[in-house]
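> Sequence:
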Amino acid sequence: MITPQHHLAFVVSAVWTLLLIFLGGIVHATESSLACPDWPTCFGTMVPVMVGGIFWEHLHRLVAGGLILMWLLTGWLVRQESGPARVRRGWVTGLVLLLVQAVFGGITVLLRLPPSISTAHLTLAFLFLGLAVALAVETSPDRTDARTHSSLRSTLHRWGTAASGFVLAQSVLGGLVRHLDAGMACPDLPLCFGQLVPPLEQPLVALNFFHRVIALVTGIFVIATALTVLRSPARGQLRRLAWGAISVLLLQVALGVVAVATKLGVAPVSLHTLGAASLFAATVALAAWGRPIAEPAPAAVA
Numbered sequence: 001m002i003t004p005q006h007h008l009a010f011v012v013s014a015v016w017t018l019l020l021i022f023l024g025g026i027v028h029a030t031e032s033s034l035a036c037p038d039w040p041t042c043f044g045t046m047v048p049v050m051v052g053g054i055f056w057e058h059l060h061r062l063v064a065g066g067l068i069l070m071w072l073l074t075g076w077l078v079r080q081e082s083g084p085a086r087v088r089r090g091w092v093t094g095l096v097l098l099l100v101q102a103v104f105g106g107i108t109v110l111l112r113l114p115p116s117i118s119t120a121h122l123t124l125a126f127l128f129l130g131l132a133v134a135l136a137v138e139t140s141p142d143r144t145d146a147r148t149h150s151s152l153r154s155t156l157h158r159w160g161t162a163a164s165g166f167v168l169a170q171s172v173l174g175g176l177v178r179h180l181d182a183g184m185a186c187p188d189l190p191l192c193f194g195q196l197v198p199p200l201e202q203p204l205v206a207l208n209f210f211h212r213v214i215a216l217v218t219g220i221f222v223i224a225t226a227l228t229v230l231r232s233p234a235r236g237q238l239r240r241l242a243w244g245a246i247s248v249l250l251l252q253v254a255l256g257v258v259a260v261a262t263k264l265g266v267a268p269v270s271l272h273t274l275g276a277a278s279l280f281a282a283t284v285a286l287a288a289w290g291r292p293i294a295e296p297a298p299a300a301v302a
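For what it's worth, the numbering used here labels the leading residue of the sequence shown as 1, then goes sequentially.
Check the hints yourself; a few may be wrong.
What the hints assert, rightly or not - Simulated DEER-style distance windows between Cβ atoms:
(1) Leu189 with Gly65: 37 to 43 Å
(2) Arg86 with Thr41: 45 to 51 Å
(3) Gln202 with Leu113: 20 to 26 Å
(4) Pro190 with Arg88: 42 to 48 Å
(5) Val51 with Arg88: 21 to 27 Å
(6) Leu191 with Arg89: 44 to 50 Å
Please keep in mind that the hints were generated in silico from the structure rather than gathered at the bench. Backbone N, C-alpha and C fix where the C-beta goes; we use that ideal spot for every residue, glycine too.
Using the sequences and the hints, build the whole thing.
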């Protein structure tokens, strides 16, 4: 059976992943991505002098390694008890994602930050985060709350899935904006070159503008998902998740404005990346809460 330890392990893994994504944002914002020019070592050693950009890049690698160890511990806990089969399948999928993510991290450094590989690296991090969050919800003892009616579950799952899909797409677009250095392609806000719809002949301007348009659509879906919960009799953790999603959405918009106003200052840009990951986690959690509750795996016959 699933125990509180399983839930805690998945929660820690999800929070750890948020920290890792935040550190990745700092690494890029401080231009530290190639501070360690080799991989998996840093200047030929696993214990480099932690100064300047080396500090951020090597810390990012250490935290990534720690996440793999944490996930292995989580898998050991999962194997100790008979729980839903999809929890076990989810853990295996997560391990594959982590290993592929590590390889992409190495390729990113060795190939000197190609935008496509760097964006894929970010996308894999978000996919793993979503999986860890979904498994944390799946193993939550609060998920069996009788006040979460089947009709609400179905509606919430549909809206939450759509919202999380848009947040993921928006985050991938944001990754492209970041890695193609298009963050200031539109130097003003909310307009772009003083126009509601700027000339889109320049690819970087079009990318930046499209990122803003998708942000608007994403916001609508996030609010609609949260209202699905807030207009229902649901209470407790589910209601807090809905308010959390709205709060993070508003904060994310503010951080986007500040990032442009400060011409991509390190703090607002890094926090903007963390905000995107947090919003994705919140919408995935809402979608996962709406999934039907899985039955425990049948016990093995001796």
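> Does the beta carbon distance between Leu189 and Gly65 stay inside 37 to 43 Å, or does it fall outside?
holds, 38 Å
> Is 42 to 48 Å respected by the C-beta to C-beta distance linking Pro190 and Arg88?
Once the Cβ atoms are compared, 47 Å apart, the range 42 to 48 Å for Arg88 and Pro190 holds.
> Leu191 and Arg89, beta-carbon distance inside 44 to 50 Å?
At 47 Å between Cβs, range holds.
> When you take the CB atoms of Gln202 and Leu113, is the distance between them in 20 to 26 Å?
holds, 22 Å
> In this structure, is the beta-carbon distance linking Val51 and Arg88 contained in 21 to 27 Å?
Hint violated: Cβ distance 43 Å, outside 21 to 27 Å.
> Given the range 45 to 51 Å, decide if the beta-carbon distance of Arg86 to Thr41 lies inside it.
violated, 38 Å
Checked against the numbered hints above, the structure breaks hints 2, 5 and satisfies the rest.
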